[in-house]
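2 protein chains.
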Amino acid sequence: MTDLPEIRPGEVTLPDGLGRAEDAGLVFIGRIRTPWKRGDCPRNIASARAQMSGARIELDPRLAPALTGLAPGQPLLLLYWMHNARRDLLLQAPKHVDAPRGTFALRSPNRPNPIAASSVTLIGLDPATGTLEIDAIDCFDGTPLLDIKPWISTVDMPPERP
Amino acid sequence: MTDLPEIRPGEVTLPDGLGRAEDAGLVFIGRIRTPWKRGDCPRNIASARAQMSGARIELDPRLAPALTGLAPGQPLLLLYWMHNARRDLLLQAPKHVDAPRGTFALRSPNRPNPIAASSVTLIGLDPATGTLEIDAIDCFDGTPLLDIKPWISTVDMPPERP
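Top to bottom, those sequences are chains A and B.
Counting with the numbering used here, you get residues 1 to 162 for the letters of the first sequence.
Counting with the numbering used here, you get residues 1 to 162 for the letters of the second sequence.
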């Protein structure tokens, strides 16, 4: 637990956690390459976009055929693994909120399953090597990638209010 | 592998897979309760919504405090686990496409990490029991839940085209 965030005042943990995280297993399918490391990472993806920083995905080359059908300009949903997150926080007190808030009401990386989701634009791809260029993302360089999905408005936008 | 989908003509697998899925572990935080079982599940979430079916999340009660701050009417992003999926498919031939397409260009449940993502509307919640009512979803009854996030347009919609 040495590299995990410290508990802040007002934060509440589930002391024994939820048990060992063995209900299912993940495989890292590649890495996200960004300009960011701890200390200089943008606060959110909008800020990363404003810096026009660009980013790259290095997919496991064995999976390159699974990119067939993707085209530059297309929106994507990326899922990736926040490996430095705490998994035992129930209430969190990030600096930008005035009172501790539940983990499921926050986009904090600290959650029982620290999977992050971001929507990006595919700028280019090289199916021979499994490399993708995207517009921007706000994670650390080397973040493990879990999934690439086509972004689809009927699935990825909530329904219109009645 | 007995309960997994059969390989269709034109589909391509990674014969030895990507290795054992042990890069990270998941914990199931609850279950999604729906009217659907194999054979009568809507094709997609839009179809489930059109049926006004409703659905319920039964969160592990120990995690109920982590709902603090969520409010009915709010859009949510749900991540859940497609436990009957194949993880070795590179090219897939679902009935609705005319030629085999890469796994990462499809929303198929069959993918190296079978995590599904859907955007829904929170209809109601009971923080005492950890139960949430949502508008609709297109997964089988009993599907394991991985995460609940507030849906945020700047993160969950791709950027405007320049």
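Take these hints with a grain of salt, some might be off.
Identical copies look the same in the list; a pair holds intra-copy or inter-copy alike.
As the list claims (entries may be wrong) - Here are the simulated SDA-like pairs of lysine to any residue, each with C-alpha atoms no more than 25 Å apart in a straight line:
1. 95 to 128
2. 37 to 99
3. 95 to 10
4. 95 to 154
5. 95 to 41
6. 37 to 158
7. 37 to 114
8. 37 to 73
9. 37 to 128
10. 95 to 24
11. 95 to 155
12. 95 to 124
13. 95 to 150
14. 95 to 69
15. 95 to 44
16. 95 to 83
17. 95 to 135
18. 37 to 20
19. 37 to 17
20. 95 to 56
21. 95 to 123
22. 37 to 65
Hints were generated in silico from the structure; no laboratory data involved.
Against the structure, the hints come out as follows:
no., hint, verdict
1, 95 to 128, "neither (43 Å within a copy, 27 Å between copies)"
2, 37 to 99, "neither (28 Å within a copy, 41 Å between copies)"
3, 95 to 10, "within (12 Å within a copy, 52 Å between copies)"
4, 95 to 154, "between (33 Å within a copy, 19 Å between copies)"
5, 95 to 41, "within (15 Å within a copy, 43 Å between copies)"
6, 37 to 158, "between (32 Å within a copy, 23 Å between copies)"
7, 37 to 114, "within (18 Å within a copy, 29 Å between copies)"
8, 37 to 73, "neither (27 Å within a copy, 36 Å between copies)"
9, 37 to 128, "neither (28 Å within a copy, 40 Å between copies)"
10, 95 to 24, "neither (33 Å within a copy, 28 Å between copies)"
11, 95 to 155, "between (31 Å within a copy, 19 Å between copies)"
12, 95 to 124, "neither (36 Å within a copy, 28 Å between copies)"
13, 95 to 150, "between (33 Å within a copy, 18 Å between copies)"
14, 95 to 69, "between (42 Å within a copy, 16 Å between copies)"
15, 95 to 44, "within (14 Å within a copy, 38 Å between copies)"
16, 95 to 83, "within (21 Å within a copy, 37 Å between copies)"
17, 95 to 135, "neither (27 Å within a copy, 32 Å between copies)"
18, 37 to 20, "neither (29 Å within a copy, 29 Å between copies)"
19, 37 to 17, "neither (28 Å within a copy, 31 Å between copies)"
20, 95 to 56, "neither (29 Å within a copy, 32 Å between copies)"
21, 95 to 123, "neither (33 Å within a copy, 29 Å between copies)"
22, 37 to 65, "neither (30 Å within a copy, 32 Å between copies)"
The structure shown violates the earlier hints numbered 1, 2, 8, 9, 10, 12, 17, 18, 19, 20, 21 and 22.
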